[in-house]
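K.L.:
Chain residues, written in single-letter form:
2 protein chains.
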Amino acid sequence: MTLLLSNEDVEKVITMSETIEALEAAYLEMADQKALSRPRSDILMAGGQQGQDVYGFKSMEGALLKEGVVALRFNSDIIRWPERAGVVIREKVPSLPGGRWLGLIQLFSAVTGELLAMISDGVIQRFRVGGTSALGARYLAREEAATVGLVGSGWQAGAQAMGLCAVRPVRKIRVYSPNSEHRQSFAAEWSKRLGIGVQAVPTVEEAVKDSDIVCLTTNAVEPVLNAGLVKPGQHVSAIKRGEIGDDILMRSDVLVLHTQEGKPKHYFVGGLEVSGLNKAYRPMPREADGDITALVQGRVKRKDQAQITCFLNNMGLGLQFAAVAHLVYQKAQAAGLGRILPTEWFTEDVHP
Amino acid sequence: MTLLLSNEDVEKVITMSETIEALEAAYLEMADQKALSRPRSDILMAGGQQGQDVYGFKSMEGALLKEGVVALRFNSDIIRWPERAGVVIREKVPSLPGGRWLGLIQLFSAVTGELLAMISDGVIQRFRVGGTSALGARYLAREEAATVGLVGSGWQAGAQAMGLCAVRPVRKIRVYSPNSEHRQSFAAEWSKRLGIGVQAVPTVEEAVKDSDIVCLTTNAVEPVLNAGLVKPGQHVSAIKRGEIGDDILMRSDVLVLHTQEGKPKHYFVGGLEVSGLNKAYRPMPREADGDITALVQGRVKRKDQAQITCFLNNMGLGLQFAAVAHLVYQKAQAAGLGRILPTEWFTEDVHP
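Here the protein sequences line up with chains A and B, keeping their order. Read in order, the letters of the first sequence correspond to residues 1 to 352 in UniProt numbering. Read in order, the letters of the second sequence correspond to residues 1 to 352 in UniProt numbering.
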């Protein structure tokens, strides 16, 4: 049988702390050569229904030997790069019937080959990003870090807050967004959900200045924080290369990337050129001190309390989807969630 | 809506001549930079239910600008490399419930992002291989080629026969397989289906010696034909690098590959080693004269009737699946075939 799981199903079983543990275990397997990712590839071509729209087909895969699974995650998106508040952002147009998006994780058994599950990727996507940044903070932020400055209040910001609260004794979050309504409603929602003070602030500076952890979580492809605001002892976390400036990367005493392979393989159809991409994947101004396997293996560390540490969650790995989707699949199955589709639909009696 | 199409549905609408035309159009688009493939990748790890079994997850993608589609094709296989009749072959174990396999093409719209169709890949796989080899013969075999020697009588052999009959005035086929029953039943079935004489012969030599076109279509990863048997004026076609010997490649006056990128990107989990793969993807002993785009653009040609030409259909391209799946999707939709699945199943209201 193949289990079809919606985001609502995923929400019912996923937890941030289990996500973090599953990711950490997967990174340790990866460090031990027992897990790997087929790196992300993006096909980009003119598409959509408006002049400048781009169609993007993104895919990546991950394999876990011990768990005996492979996951394929893809996204089929109409993309625009508009300017908001003076900054170029990347926007996925909800172009599907009913104003929806399409992103799916397909999980396979390495024992039988079976398609175990098809899972909408939205919630898992958010948890794996939040969980991975949380691992960065678990290994790099000061033990007693209690205050967080969030720059960004969108879909990813909540998961970043959850993740940081899971690994550090966070008591206070200050959140900035250029949109006043967004930051207010984020503060209202997440102070309730996390049970701690979440305060909306009107400038990046106020979010950052007294925070132990500075967390960039935007869809900007240009820098949103000035290095002049970063202080000794802070841990800086970013979910994209685009949103973090070279100055901060240079100022960081310890810089760790999620993956050293910081850029998807792009396939441009018809000589398409996308200027937003050059901003989103600017070359690094310095070498990093390691990737996430170096962190979980303890090979890279903060050396003293005054150091500025930085974790750049620069690109996704198929491995993350394998780890979190496998966790979600098992829990959803145990809970009797989802829609069971006949295996015959996705199999054949013809030798392929 | 998402259309789920089985191999039976595909059989009802697919034709070899339309497949060949769709492929040729796609290769011309590719030559014009208006179409491309994300090259095949294979993840390989210990799996299955027996000691030496390997789990293989293969994927590739193709994009067509004019048609506005992207196709993702994947296979989830338990694989063995046993020896048959003294030759190592690659065998996909029907390990799924009911003794089935799993290979699927997912077709996406670049206009809306929608998952248009999910199509079992078996029949299309066969037609695209047969159609591509047929294109090789259309451009390389002598115009009057009327006799074909088939080495191999499996699933791919029938499509090779269909393809060659579509591009040349074939009147006679001689088929060899080490298994006498297999070659007999192939001859019986295909003489009926093609309306020409198909004769089973007990040796490779008899299949090859008086044939205008020599067609290797086996699952062997070691050479199945001795170059000594190849004669001036013959066109040699092979569907895999493994089954054709270096001696034939060296002896060919004109050698064309399907794609210059002749090897998938392999990702081995846990230091897995598969000796069959080294045989299957032996390095080429010489440079080829071009790839299929050179053929369809007329940049590479047979220069005289006495030349030995060779088309090596060395590796699949996502592009082929985009072209043929798009064709099949349109025809199946017009014919009201398949099972309609709700788009909501595969979309989400959560920004991925």
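Rather than coming from a laboratory, the hints here were simulated on the basis of the structure. Possibly wrong hints are sitting among the right ones.
Note that the list lumps identical chains together, so a pair holds whenever it fits in one copy or between two copies.
[To be verified] Here are the computed lysine to aspartate or glutamate pairs in the DMTMM-like style, where the Cα-Cα straight-line distance is at most 20 Å:
hint: 1; residue 1: Lys92; residue 2: Glu344
hint: 2; residue 1: Lys279; residue 2: Glu83
hint: 3; residue 1: Lys66; residue 2: Glu205
hint: 4; residue 1: Lys66; residue 2: Glu273
hint: 5; residue 1: Lys34; residue 2: Asp53
hint: 6; residue 1: Lys231; residue 2: Asp32
hint: 7; residue 1: Lys92; residue 2: Asp349
hint: 8; residue 1: Lys66; residue 2: Asp304
hint: 9; residue 1: Lys172; residue 2: Asp253
hint: 10; residue 1: Lys303; residue 2: Glu287
hint: 11; residue 1: Lys34; residue 2: Glu222
hint: 12; residue 1: Lys12; residue 2: Glu344
hint: 13; residue 1: Lys303; residue 2: Asp32
hint: 14; residue 1: Lys66; residue 2: Asp53
hint: 15; residue 1: Lys263; residue 2: Asp304
hint: 16; residue 1: Lys301; residue 2: Glu222
hint: 17; residue 1: Lys12; residue 2: Asp349
K.L.:
Could you tell me which of the hints above the structure violates, numbers in ascending order?
P.N.:
3, 6, 8, 9, 11, 13, 15, 16
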